[in-house]
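J.: One letter stands for each residue in the lines below.
Protein chains: 2
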Amino acid sequence: MAEKKLVEAITSMSEDFAQWYTDVVKKAELIDYSNVKGCMVIKPAGYAIWENIQKLLDGRFKAAGVENVYMPMFIPESLLQKEKDHVEGFAPEVAWVTHGGLNPLPERMCVRPTSETLFCDFYKGDIHSYRDLPKVYNQWCSVVRWEKETRPFLRSREFLWQEGHTAHATAEEAEERTEQMLNIYADFCEEVLAIPVIKGRKTEKEKFAGAHATYTIEAMMHDGKALQSGTSHNFGDGFAKAFGIQFTDKDNQLKYVHQTSWGVSTRIIGAIIMVHGDDSGLVLPPEIAPTQVMIIPIQQKKEGVLKKAYELSEKLGNFRVKVDDSDKSPGWKFSEQEMRGIPLRVEIGPKDIEAGKCIICRRDTREKFEVAFNELEKTVEELLAKMQKEMLERAKKHLEEHTYTALSREEFENIFAEKTGFVKAMWCGESACEEAIKENMAVTSRCMPFKQECLSDTCVYCGRPAKKMVYWGKAY
Amino acid sequence: MAEKKLVEAITSMSEDFAQWYTDVVKKAELIDYSNVKGCMVIKPAGYAIWENIQKLLDGRFKAAGVENVYMPMFIPESLLQKEKDHVEGFAPEVAWVTHGGLNPLPERMCVRPTSETLFCDFYKGDIHSYRDLPKVYNQWCSVVRWEKETRPFLRSREFLWQEGHTAHATAEEAEERTEQMLNIYADFCEEVLAIPVIKGRKTEKEKFAGAHATYTIEAMMHDGKALQSGTSHNFGDGFAKAFGIQFTDKDNQLKYVHQTSWGVSTRIIGAIIMVHGDDSGLVLPPEIAPTQVMIIPIQQKKEGVLKKAYELSEKLGNFRVKVDDSDKSPGWKFSEQEMRGIPLRVEIGPKDIEAGKCIICRRDTREKFEVAFNELEKTVEELLAKMQKEMLERAKKHLEEHTYTALSREEFENIFAEKTGFVKAMWCGESACEEAIKENMAVTSRCMPFKQECLSDTCVYCGRPAKKMVYWGKAY
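Residue numbers (our numbering), protein chains in the order written: chain D, 94 to 569; chain U, 94 to 569.
Incorrect hints may have been included.
Chain copies aren't distinguished; within one or between two, either way the pair holds.
Stated by the list, open to error - Derived lysine to any residue pairs resembling SDA-like cross-links, with alpha carbons at most 20 Å apart:
hint : residue 1 : residue 2
1    : K155      : N145
2    : K148      : R413
3    : K561      : E483
4    : K395      : D420
5    : K567      : V536
6    : K120      : K217
7    : K119      : E160
8    : K148      : W254
9    : K148      : Q232
10   : K228      : K421
11   : K148      : V162
12   : K130      : D219
13   : K415      : G158
14   : K489      : Q174
15   : K177      : T458
16   : K401      : N411
17   : K120      : N161
18   : K421      : L226
19   : K155      : T496
20   : K228      : D125
21   : K148      : E284
22   : K531      : M562
23   : K461      : E483
24   : K155      : V416
25   : K343      : D372
26   : K334      : E200
27   : K395      : A525
28   : K394      : L548
29   : K148      : N161
Derived from the structure by calculation, the hints contain no laboratory data.
Could you put together the complete structure from these sequences and hints?
T.: Structure below.
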């Protein structure tokens, strides 16, 4: 049964990228569809990636003074309605609980699509003085948005994420925190996931419901499409005014707090797959890989082979290492290790043992190395570091090679007619123009990058005076 | 504001244990009530304890071959109804989702009260051959049960837990896993939480809805009441038959799997509070304490004091240590550290610095020690280990001293009329008799302990032939 599943090769990326993605997700056993429409089952291989993301990101949060909490998963309707833009943004896509046990509820509640309103309600009671500030809280939880179309990791009715919610005494501090958290996300993506990102601000049209400003990191997938991989919002004092969150400042004045929120979800696993994967399956950056080294014994029934495999495994105790001692054939084990994206494979058979060496194979480049046993630990360490570095370099190169510049409407339209990637172009700043671009070209503004360039004086689409350079693209 | 909250002392345990508990939970800032009825906000100090429980318990799970996954939070009504006893047990206390966005759902769904049905539905599609077994999956998540009465950590409409769900080829293997997980819970309670537990089996009346057998660990709180602190269920093939989970065995026969499930929840934080706390607040066992050592500078404005405090903090880098450098008074900081249950306090002032020593104070016994700077690390290590050990010993002594034996109905009734604790007594094995005891004496069977003793030949209540020795008690 297990053998059968993998023998069918997966669809190639060039043939059908969407099908390739679905194949990888299924065959690397990351996710399974469930009988709960629009919801997914995250299987051990997928969840282990999420656990590593949680552990490493949470460590960076804690170093930045973030404390974890847990808020209720339900939001009473009246609470959701307190901030006007927010309720308009989320009410159409929430799941409503109307009955508790056998009785109808006096007021219906939604399952949280995001928890701004709950944190605000809590902060209103918990913040009184400047001494109670800042509050830098975060929670790891699941949220629900009633999406019509769903795709594994990228869009599902329930997904896992972290959501940070902070309250500050001043607008400056809130702005600083908004940027700090975006930078943590960007650094995490580059350093751990080997995914380069464009940092910037969302346009009015694309910003979060109720936010003053939304910052984003945008990553480019292998097919040239964008994936919004993390966002950080500055709410100013909008929510504070809607919820009445005030504090007595040092000057004895009653003031509204300034707030932020920021989140990264399981969606980012989709980015790992679509940035690094290839036609043999998943390729995991060593930093995030649940298993970094798979030792595969050759002719494992011969005396001494399995013993040596375990011995090497112990030698590599500083890494996340496993021995595949199942009764499958070595070739089979190779494809499984490749499909699952395990960074390094160590092959060890009777002849290798005699020669005092083994073979190491890199998942990303397929390079093979003969390594003496006493060099193994050092080589593994070097190869993992090299692979991590080169995966980021390749992803950066891909991003650069698929980022174009358009100076005229014709150029703008031609690029998107022929290619998929990011296009840098000047924009007038009008939502109507942005709408027209979306409608006519099916591309959206990804962000106004922090690193602005002045490409020309006029909007690439409508010709009016330009205000901002924008990254445009098709997005997941 | 902050100063005001703590100046009011908490209610003493002897005066009103329930109020003492509520006071500790609030003033140690573990939990806050929310405006979502019956749901709690777990604050940073409370959530940090849960994070440590997760980390340490999850480590023990992984060492026992457990893999983490994530299942949807919704259960369609038809799925919940598949196992008869199970739906009867849970349907009256679930939250029902009836609308997605603006539209009524074709079938209503409940928010999971527990996920047996979801795991079964998944296993049905995922298990085909003996090669696919065993499945030893677990998830950390929140669940919802529509309770009428709620109390922080002990009973709330939403709570956090882990739920393990396994599938095995044989009945023996399922039984082994059920016991193995109960033992992991028991060892964790003793070794990490310093809470001794009674291991045993629940009666038919008290077992989990749909289980063949439920095993439990029962802990005794300071007031003599029981807290069920973890359960492990053997489902036999009942769920497998209801859901049709079959596999082809080595002998080529189609067979039903045998299943287990097991869980520990945030309730266990209630046990930590009620087993170890005292009239000054929380007392945390060092193994689980988010902060193990609080360094409190005396006359911190004097030159060199804060510097020395940080220096000592660095020296203690192997422990979870903090310096309280806030502008509160030392006395104030002492009560806060005590209220929060931080195991050790290090006091350091100008005179101590001159003398090259500091004071260490143990939270549980209030013993104070003068320690030379160069002995600090060693002393902290020893004191933490000693405190952990002695907290368990004290809890054991309390459990033993409040466990009684009843040989006659009169004795049985008299003990419970006068005392609160566990009573060991023989039982006929009839649910009707157990019901009568509950009705007339307001005590429940806690478990039939694995370590059976034959106290007499007749049921302590009805006088019929005895089948089992049972622990009886009042319970949270």
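J.: Confirm or reject each hint.
T.: Structure-based check of each hint:
1. K155 with N145: both (15 Å within a copy, 14 Å between copies)
2. K148 with R413: Both ways: K148 and R413 sit 15 Å apart in one copy and 18 Å across, limit 20 Å.
3. K561 with E483: neither (33 Å within a copy, 67 Å between copies)
4. K395 with D420: within (13 Å within a copy, 70 Å between copies)
5. K567 with V536: Only inside one copy: K567 and V536 sit 5 Å apart there, 65 Å across copies, limit 20 Å.
6. K120 with K217: between (48 Å within a copy, 18 Å between copies)
7. K119 with E160: between (35 Å within a copy, 18 Å between copies)
8. K148 with W254: Both, since 13 Å and 18 Å are each at most 20 Å.
9. K148 with Q232: both (13 Å within a copy, 16 Å between copies)
10. K228 with K421: between (54 Å within a copy, 19 Å between copies)
11. K148 with V162: both (16 Å within a copy, 16 Å between copies)
12. K130 with D219: between (39 Å within a copy, 18 Å between copies)
13. K415 with G158: between (35 Å within a copy, 13 Å between copies)
14. K489 with Q174: Neither. Shortest intra-copy (43 Å) and inter-copy (52 Å) distances fail the 20 Å Cα cut-off.
15. K177 with T458: Neither. Shortest intra-copy (52 Å) and inter-copy (54 Å) distances fail the 20 Å Cα cut-off.
16. K401 with N411: Within one copy only: 18 Å inside a chain, 36 Å across chains, cut-off 20 Å.
17. K120 with N161: between (34 Å within a copy, 18 Å between copies)
18. K421 with L226: Classified as between; 16 Å across copies, 59 Å inside a copy.
19. K155 with T496: The answer is neither: 35 Å in one copy and 44 Å across copies each exceed 20 Å.
20. K228 with D125: between (38 Å within a copy, 15 Å between copies)
21. K148 with E284: For K148 and E284, the Cα distance is within 20 Å only inside one copy (14 Å; across copies 24 Å).
22. K531 with M562: Result: close within a single copy only, 16 Å intra versus 74 Å inter.
23. K461 with E483: within (16 Å within a copy, 56 Å between copies)
24. K155 with V416: between (34 Å within a copy, 16 Å between copies)
25. K343 with D372: neither (61 Å within a copy, 35 Å between copies)
26. K334 with E200: Close neither inside one copy (24 Å) nor across copies (39 Å); limit 20 Å.
27. K395 with A525: Classified as neither; 72 Å inside a copy, 63 Å across copies.
28. K394 with L548: Result: close neither inside a copy nor across copies, 66 Å intra and 56 Å inter.
29. K148 with N161: both (13 Å within a copy, 14 Å between copies)
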